[in-house]
Amino acid sequence: MIERLSTSLKRNKHSYLLLAPYLLMFVLFTVVPVLMSMSLSFTYFNLLEFPRWVGWHNYERLFLEDEVFIIALKNTFIFAVITGPISYVACFVFAWMINEMSPKVRSVMTLLFYAPSISGNIYFMWQLMFSGDAYGYINGFLMKNGFIYEPILWLTTEKYIMPVIILVQLWLSLGVSFLAFIAGLQNIDKTLYEAGAIDGVRNRWQEMWFITLPAMRPMLMFGAVMQITSSFAMADVATQMAGFPSVNYAAHTIVTHLMDYGSIRFEMGYASSIATVLFVLMLTINLAVQKLLRNIGD
Amino acid sequence: MIFAMLGLVAAFMAMPLVFAINQAFKPLDEIFIFPPRFFVRNPTIENFIDLFTLLANSWVPFSRYVFNTLFITATGTIGHVIFASAAAFVLAKHQFRGRNAIFTMIVLSLMFAPQVRDIPNYITMSWLGWIDNYAAIIVPSFAASLGLYLMKQFMEMIPDALLEAAKIDGASEYRIFWQVIMPLVKPAWLTLTILQFQALWGTEGGNFIYSEQLKTLSYATHQIALGGIARLGPAAAVSLLMMSVPIVFFIFSQNKIIQTMASSGMKE
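Protein sequence lines, in the order shown, are assigned to chains C and V. Residues in the first sequence are numbered consecutively from 1, following the working numbering. Residues in the second sequence are numbered consecutively from 1, following the working numbering.
Hints may be right or wrong, so weigh each one.
Unchecked claim - When the alpha-carbon atoms are kept at most 30 angstroms apart in a straight line, the in silico DSBU-like pairs for lysine-lysine are as follows:
hint, chain 1, residue 1, chain 2, residue 2
1, V, Lys93, C, Lys10
2, V, Lys167, V, Lys215
3, V, Lys93, V, Lys215
4, C, Lys291, V, Lys93
5, V, Lys167, V, Lys186
6, C, Lys159, C, Lys74
7, C, Lys190, C, Lys291
8, C, Lys13, V, Lys93
9, V, Lys93, V, Lys167
10, C, Lys104, V, Lys256
11, V, Lys167, C, Lys10
12, C, Lys190, V, Lys256
13, V, Lys256, V, Lys167
14, V, Lys256, C, Lys10
15, C, Lys74, C, Lys291
16, C, Lys13, C, Lys104
17, C, Lys159, C, Lys144
18, C, Lys13, V, Lys256
19, V, Lys256, V, Lys93
20, V, Lys186, C, Lys190
21, C, Lys104, V, Lys93
What the hints assert, rightly or not - Output of the computed footprint for chain C on chain V, the stretches with three or more beta carbons under 8 angstroms from beta carbons of chain C:
hint, region
22, 89-97
23, 143-150
Please keep in mind that the hints were generated in silico from the structure rather than gathered at the bench. Ideal placement from N, C-alpha and C gives every residue a C-beta, glycine not left out.
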């Protein structure tokens, strides 16, 4: 057994050597942390003392006693259910529209749509637009035109916080999946459409369903993973726009809850259980959606 | 009709960017005008001058922040491109035990947010003595999974015959990787460069960097933006400078990126 292993190691020596640096770091900074997080979630751990085993206690506390977590869970789902599908469809629809244009216009439009997701600290501009005083651009506009008489406190009024954040998140969300879709559309073999026409594809919808979408299935899968992950991990927009913590936790998400316990309260065991819930949630939904997407065009 | 709609959405997407540009060139009295105006009337570069005076007087020299960001971005990007390409080459072209398991793990890691790893990573970093050290940001970024995924899919379309030929000519695996494969996948590693650059350019140092001397440009500019009303002008100027770098980078590499994602593409 050991002998067989060692000959196999020797034979593939170069493969392992080339793979080693990446794999080592991947294991150290991704695989081990996930496993560690899962085991720490069953302990009480404050970074100073050695972790103490507490069984399912953290999870019981999370789901039964922690009202803020339930708010965070609800918010995360609302965010994800709205922004996830909309941004996914938007990525596809815009990529599809842009694809019909001349190459020059296409690259300008691609840049325009992709730019928000790479412009980094642009939140600051949105903050100015939604600023709660009369100097805020939205308020200024609405007041000047007589829609309202007093400035609206966009980012500190509970009912406005979510819509504003969703808007900003959608604006930011045409990222790498958008690029992948553009690439996918450009790469579809044109003869497929001719073959389709002969086989009785009559209108553009049929063309879309039977030819375009199946040809792009790998990209669609990739895009789905990216959009789901980023919509469930939503935290930056919320903290930048609505502050941390937001008014009455109106913009609290699982990730901000994790930040709260992990980097402010240092309850590492409890924070790890939040991380584990997030991990399981994302993985389950990603795998479920992938299964769904496999049926496209059948 | 479709074009009108697309134009409208494009205008919405561009609005904050156009606004950022206008804001950066506004003189102070225009920033505080009521009702507020979107477009600048008398453009001035005063904000940029203010910004540089502000930065020249800061406690840590501004050049230090620039160096920190450039250093982190450059090493993180180069390391990632080399290590991820080498690993992708092996996963795409070599047959060995555990290959599928390793790749499955990497694909799974695309499916969850990096925040899941934050706490254990902090513990690992303190154990390694990397708290308050560039390494805590740079080294983990070498193993980013998106880059490896794209690279592997791209490399799979290189014909095996080419590698066989090189092998018969007596090239070692390392030479094949460095002198045959890498030149062939130029669009792919340009893509990796851009993606990694974008990810690192905006880093603020997260939970790992505490010394002011080691903080990044993004952190410093964030502080300026938080300076409140008195600094709205310089803040707008600095935002514009920060965001223009990745955008300019993207303008020059757009075609290669699309090409990487299109060719061979992502297989299931």
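Which of the listed hints are not met by the structure?
-> Going through the list in order, the structure violates hints 2, 3, 14, 16, 18 and 21 and respects the others.
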